[in-house]
Amino acid sequence: MTTEAVAPATSTTGEPEEEQPKRMAMVAWSSDLDRVWPTLILATTAAASGLEVDIFFTFWGLRILQRNDRRVTGSNWMQKAESLVDPGGTDHLRLGKIHFGGAGTTMIKKLAADYKVASPTELLEMAMDIGVRCHPCQMTMDLYGLTAQDFIDGVQPSLGAASFIDMAVKADIQLFI
Amino acid sequence: MTTEAVAPATSTTGEPEEEQPKRMAMVAWSSDLDRVWPTLILATTAAASGLEVDIFFTFWGLRILQRNDRRVTGSNWMQKAESLVDPGGTDHLRLGKIHFGGAGTTMIKKLAADYKVASPTELLEMAMDIGVRCHPCQMTMDLYGLTAQDFIDGVQPSLGAASFIDMAVKADIQLFI
Amino acid sequence: MTTEAVAPATSTTGEPEEEQPKRMAMVAWSSDLDRVWPTLILATTAAASGLEVDIFFTFWGLRILQRNDRRVTGSNWMQKAESLVDPGGTDHLRLGKIHFGGAGTTMIKKLAADYKVASPTELLEMAMDIGVRCHPCQMTMDLYGLTAQDFIDGVQPSLGAASFIDMAVKADIQLFI
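Protein chains in written order, with my numbering: chain A, 1 to 177; chain B, 1 to 177; chain C, 1 to 177.
Next up, chain A with everything else stripped away, as it sits in the complex (with noise of 0.2 Å):
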């Protein structure tokens, strides 16, 4: 929504009425370090300006919540097999693009420490620290056999993608990465 469109919060009788704080509702489809980069930088500089957060971890996405010491996850050969070759936890992520079997993704992570960029792990505690939250999906819970105990501290309690569009609705920024 336009800044425009909240003027007229004002209410009828010319007082203002108090400013709500403005939201944004993420999706975090993907664990590529390319694109979970992004995000939680979008969703940390959003919660510094004093937006409220959210973040529905789906699909890929949910593996970035994983404890980066849960190596083999779920329940039977298939989700076993699955947690095998998409590796969870925010230290273990890899480029979408240019991984080159790892050498892409060392190089990209050694200049951003040169330059000083927080890493993924650094930056999902630092969301979780100023009040972005984490959902993780019910339905890709299922699907990978993953569950709570599976997932870092703080992490909210997982939603159905009725309560993401119920979020999204109410959001002045909406974004799929």
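Simulated from the structure, these hints should not be mistaken for lab results. For every residue, glycine included, the Cβ atom is placed at its ideal position computed from N, Cα and C. One thing to keep in mind: the hints can contain errors.
Unchecked claim - Below, simulated SDA-like cross-link-like pairs (lysine to any residue); rule was C-alpha separation at most 25 Å, straight line:
1) A/LYS110 - C/LYS116
2) B/LYS116 - A/LYS110
3) C/LYS116 - B/ASP86
4) C/LYS97 - A/ASN68
5) B/LYS97 - A/VAL85
6) C/LYS97 - C/GLU122
Claimed, not checked - Far from chain B, by Cβ distances over 12 Å, these chain C residues were calculated:
7) ARG23
8) ARG70
9) GLY74
10) GLY102
11) SER163
Take the given structure of chain A and dock chains B and C to it, following the hints.
Relative to chain A, chains B and C alone:
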């Protein structure tokens, strides 16, 4: 926009105006199974929650609307070649990641079936049944040499980008997936 | 936001307030030809429809703004190596899918030319001609070692993520592409 911004829709006479349904405008840009799934899940969930939903199928995403029994499409050799390497129809979608020559895609579909997640084919039918409007992009149809006869039943007339922008401006949620 | 939400912009005196132009804020995150095309088509279409359009070029997307005659960029070996595998400039974009060592990209470009779809280079020029504001991400410039001299003419001063969030909150449409 925010619920807050809707609040002032109460007219200056103090009487609440008739409430307009919320709207969502999506771009379905990809034909990757892992993107089509969230597109259709969010669309059907939003429509079931009472939102009006428009999806603009463009670029790779146009192939989602192709009938499953259409194989080679287009009228010149380039279009025919493209249709062979980029098969259309919701039954033929492949993962954008860990496809593994078909094994990864088969496994995810098996997991989804085990956990009662509807297939893209079922979701697309359901979406149109509950009023989600599916608009093919005319420019992409020209590029691919696709005609209305190549699409499943129930698809809306084709549109250009200007019509999508018009929908998006009126919408409460916009997502590019 | 919705048109409905704009309606109450009619002031309490009954006189319509001056109408603000609608706004679109986009993130151009990718340099893949198949993502750059819709980004620039949507941007030019929206601007032609009277919207104010801001594009934030970040991560891979920053390469879109690179001059076509710049080849190796950056000041250290890692930045130079990255610039070689991730060539910049609208003439050098490649498909993110079915690139096929260049054959797929060449074919799609040929099809686009046959069907009078403007090239990314033409679209980017046109976009800036009709007022689309192109903002490079400062953090990405630092990572890549790119300077303002590496960019085409007409680009806006560089920005950080907080400035993008500010634009996005004021916009009627936000898209991450």
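Here is how each hint holds up against the structure:
1. A/LYS110 - C/LYS116: violated, 43 Å
2. B/LYS116 - A/LYS110: Violated, at about 43 Å.
3. C/LYS116 - B/ASP86: Within the cut-off at roughly 22 Å; holds.
4. C/LYS97 - A/ASN68: Between C/LYS97 and A/ASN68 the Cα gap is close to 31 Å, so the pair fails against 25 Å, i.e. violated.
5. B/LYS97 - A/VAL85: holds, 10 Å
6. C/LYS97 - C/GLU122: With a Cα-Cα distance of about 22 Å, the restraint between C/LYS97 and C/GLU122 holds, given a limit of 25 Å.
7. ARG23: Per Cβ check, C/ARG23 is inside 12 Å of chain B; nearest 9 Å; violated.
8. ARG70: holds, 28 Å
9. GLY74: holds, 29 Å
10. GLY102: holds, 14 Å
11. SER163: holds, 20 Å
Hint compliance for this structure: hints 1, 2, 4, 7 are broken, all remaining hints hold.
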